[in-house]
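S.K.: The hints should help you fit chain G onto chain H, whose structure is shown.
Protein chains in written order, with the numbering used here: chain H, 1136 to 1478; chain G, 27 to 707.
If you're looking for bench data, these hints aren't it; they were derived computationally from the structure. One or more of the hints may lead you astray.
Dumping the calculated SDA-like pairs for lysine to any residue here, alpha-carbon to alpha-carbon at most 25 Å [said to hold, decoys possible]: (1) H:Lys-1247 with G:Pro-181; (2) H:Lys-1181 with G:Arg-620; (3) G:Lys-127 with H:Thr-1204; (4) H:Lys-1247 with G:His-639; (5) G:Lys-113 with H:Ala-1200; (6) G:Lys-127 with G:Gly-116; (7) H:Lys-1181 with G:Gly-604; (8) H:Lys-1181 with G:Pro-680; (9) G:Lys-113 with H:Tyr-1212; (10) H:Lys-1181 with G:Ala-637; (11) H:Lys-1181 with G:Ala-608; (12) G:Lys-127 with H:Arg-1193; (13) H:Lys-1181 with G:Ala-601; (14) G:Lys-127 with H:Met-1197; (15) G:Lys-113 with H:Val-1207; (16) H:Lys-1247 with G:Pro-638; (17) G:Lys-113 with H:Met-1197; (18) H:Lys-1181 with G:Gly-606; (19) G:Lys-127 with H:Leu-1202; (20) H:Lys-1181 with G:Glu-640; (21) G:Lys-113 with G:Val-139; (22) G:Lys-127 with H:Ala-1199; (23) H:Lys-1247 with G:Trp-618; (24) H:Lys-1181 with G:Trp-618; (25) H:Lys-1247 with G:Val-182; (26) H:Lys-1181 with G:Asp-611; (27) H:Lys-1181 with G:His-639; (28) G:Lys-113 with H:Leu-1202; (29) G:Lys-127 with H:Ala-1200; (30) H:Lys-1181 with G:Pro-181; (31) H:Lys-1247 with G:Gly-183.
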Amino acid sequence: MNVSPERARAARAGPAADAPLTAAAVLRHPIQAWLHGRLRRTESLKLTQRNIYILPTRAGLMFAATLVTLLVASINYQLNLGYVLTFLLAGSGAVSMQLTHNTLRGLTLHLKPVAPVFAGDAAVVEVVLSSPWRARHGIGIKLDGAPASTLTWVDVPSGGQASARVSFVPRARGRHDVPTLSAETRFPLGLFRAWTVWRPVGGVLVYPKAERPPAPLPVARPMPGGTTAARHVQGGEIEGIRAYRRGDPLKLVSWRKSAKSMETGGELVSRDTSASAHQELWLDWAACGTLPAEDRLSRLAAWVLAAERSGVHYGLRLPGMQVPRSQGAGQKRQCLEALALWQ
Amino acid sequence: MSWAERWRTLPRDARDTLFLLGVIAWTVLPHVSHLPLWCTLLTAVMLLWRTQLAMVNGPLPTRRWLAILLLIAAGLTLWTYRTLLGKEPGVTMAVALMALKTLELRARRDAFVVFFLGFFIILTHFLYSQSLLVAAMMLVSVWGLLTALVLAHMPVGQPGLRQAGSLAARTALLGAPIMALLFVLFPRVGPLWGLPADGGPLTGLSNTLRMGSVAEIAQDDSVAMRIRFAGRIPPQSAMYFRGPVLTQFDGREWRPEPAALVRSAAEIGLRTRGEPVRYEVTLEPQRLAVLPLLEAAVRAPAIEGRHIALRPDLQWVTDRPLRERLRFDALAYTDFGHGAAASPGTLREALWLPPGYNPRTLAWARALRRDARQAGAGARQLAQAVLSHIARGGYTYTLAPGVYGETEPLGAIDEFWLDRKLGFCEHFAAAFVVAMRAMDVPARIVTGYQGTDRLPVDGYYIVRQSAAHAWAEYWEPGAGWVRADPTAAVAPDRILRSEQLAPLPGLVAGTLRSVDPQLLARMRGAWEALDNRWNQWVLNYSRGQQLDLLRSVGFRAPSWHDLSLLLVGALSAMALAGAGWAWWDRRRVDPWVRQMDAVRAALRRLELEAAPHEPPRTLALRVRERLGPAGDSLAGLLETIDRQRYGRTPAARPDGALTRRFRAAVRQLRTHRAARAPATP
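For reference, chain H alone in the conformation it holds in the complex (with noise of 0.2 Å):
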């Protein structure tokens, strides 16, 4: 893949890119990494005794402490009470340890298809978590690593469905793998938290990122041995709209279509009489000028968005591939599925 540096090292950071490296995660980081590489891409999780971790919180530790000193202040004091209390509350800890095992155990999480995405912009992952048996409370998801304010938090009915989506921002094009999830729960107490690892097999399509402002499109050429001439005879009818050109005399602005068109982070758009169906627009990798490759393909994407949003066919010319002219929502997708996976 052809990624400028910095672009390569953004996306190999991942989405905790931007929190600050504490010791421990420095520590963490190779060992995790080593742990999840070990794990197996899988198309649903069953969450059993042996893939759910469970260690006490902070909160878990304080509890133990208290309970130490109530425990010290009962022997002191010899108050039989004390001891009821201590053991009553020590009791329901332990029971916590249980119940947040619980909480996860027994749970299938699998993914949704994920929606292809434009670099930097947020891919959305939704994660299905059923329940067979055991309503289930707090649990909540994010990408493994992320910091835990970034969870999801979600209920499952017994016997039911809930779903639970997290995302992520993918900084370079192409196909990348979804990320490793994680699912944690701390329920009933707080004391323990339970959590598992899960690296789904799914992968999402990054197109690249669309240039902005975007450079306008290149002119379309009419189409080779096309009835234009004809289509003048019956003139002055209004054939399509294209894209607003610098030089476009007001009154071919279709001021409604433009509306839409900008609430869509488009531009203004024009009323085309030229009988637009029979000219032929090329997004060509030689017409950005002497840009790197990235910038190329920005451009490349944001003309395919503009041509579509005009209404005017088009084809994509790229060093070694090319797709044939057409139009709609079926080409653009193969145009920026070109984009995302050229190399």
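M.R.: Structure of chain G alone, referenced to chain H:
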């Protein structure tokens, strides 16, 4: 808007905060009677302020404000108690901290601090009382705090308080077996280090006597000990429970004489006659290290973990204050004599009168001695003469005699003995001893308890703090120390039927008494029976009972070691059971999925492929298509399964019988097929 409606429409954060504040208020509430007024007010204001902030979703005060408030609270604590250490200042600071922390509920960590402080405050209540009522109130507090904790870990939506409450209760109930196990088997050891002086109860016998101090506890109806007699029950007039013996007198205060311990009762010449009384004592925590045993005990009772020794004045003492409830068996000879060979030092001490004090009483006594009727009289006759003077001299027994010694600092006893003649046991005992000493008869004051409640509750005779008493002993050559109870001379009822002079009843009790004189007594009796069970089974459970339990399950000579082993073993078994459950749970799958697995496996034997995602309906179509009319019954069963699972009224669980019938039908088809088309080589 009504309150209920407002509560329902509150945003979740506000509701959770209000709930937590309510739980905190409930937890702190029983402390109000011990806390200084400023602390109660500060807590109330903080909680109300926080409530207001929660209602309007206002910003919390800054840390600087909280630091200032904390400093003020610490300053006031210091001002009130002159120290920050010890029980009372500790409780005050804990409550103040809790109130302040509610104003700092920002992060999850703050919430945890509140929970843990809450648990700690719950424990501090038990320093004051471990009664059933306090236990019940604190159980509610624990439940409330656990509910708040559960609520904090249900981040989705707006879970109901009832739901969180039942989840918390379930957690606690599941934890109850562990609690019971630990409570029964956790080895009970003595205090790990010395306690600050204020750790114990504030009532009970005292080691000193000053005019007025017994009046304080005479008003106190709480239980001092419970007695269960095995066999003979001595008469009330013989039930003297001997506490501190006060020999030294400095004119104002009476104190015990410093004395070395003796090895046995024989050494002080204790002689007994007749059969002993056997009884069991449940002694409430005491301020002193003196065991108030029924007179006279010959041997030290066996109490686990305590060394009990005898003083020459027949006081049974132990090595440290009796801060925990004790239960032990004891033996008493109510007919006894002792001290015939008392040391000259003791007798000198028992004759000492501080010079300058009570000149008129001394003169009165000497006059009595010089009286012709007492010529050559012995100690016994002189004592008799003083007692009959008390009986006939116009003395009145009252709990509110007023203060003596204010007008005449050196003549408090003069004022009582010759002027006002109003007093209770300690006045009579002190005056008696002074008069006897003035006549050169050694005498001393004995304090303790006299008599029990007349009727036993559940077989237990109750000795109340209001039965605290002071009497006297004088020394007669040859006989030794002889008991004389001057109070009996003025108020024989106080001794014979053990009728404590009761203060006037309060309004409610008064009304109840006028409606039915028996009702109040019966209600009190029933309550005390319940309370006694609580004491015997829960509060009194100690090392001795633990070892008894081990003995009853078959340990021949149980020890601390066995107890620990048993506890560790039982806890390991519980942990294994938990792990076993998790392992078993792993194999548990959705019953619907299990049914479909069985269906697919059966179909595979008929060489019909079935993918996991295909519903029974699709499989039924395939069966009909492939097998034709032969597969009709099979397809019908599949359609029934489909209806049961996905129909308009789906069943909660799959029908096991249906699965079995399906399997049977598959088997039948296979045998049918095999019969029709014999296998080709």
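S.K.: So which of the earlier hints does this model not fit?
M.R.: none
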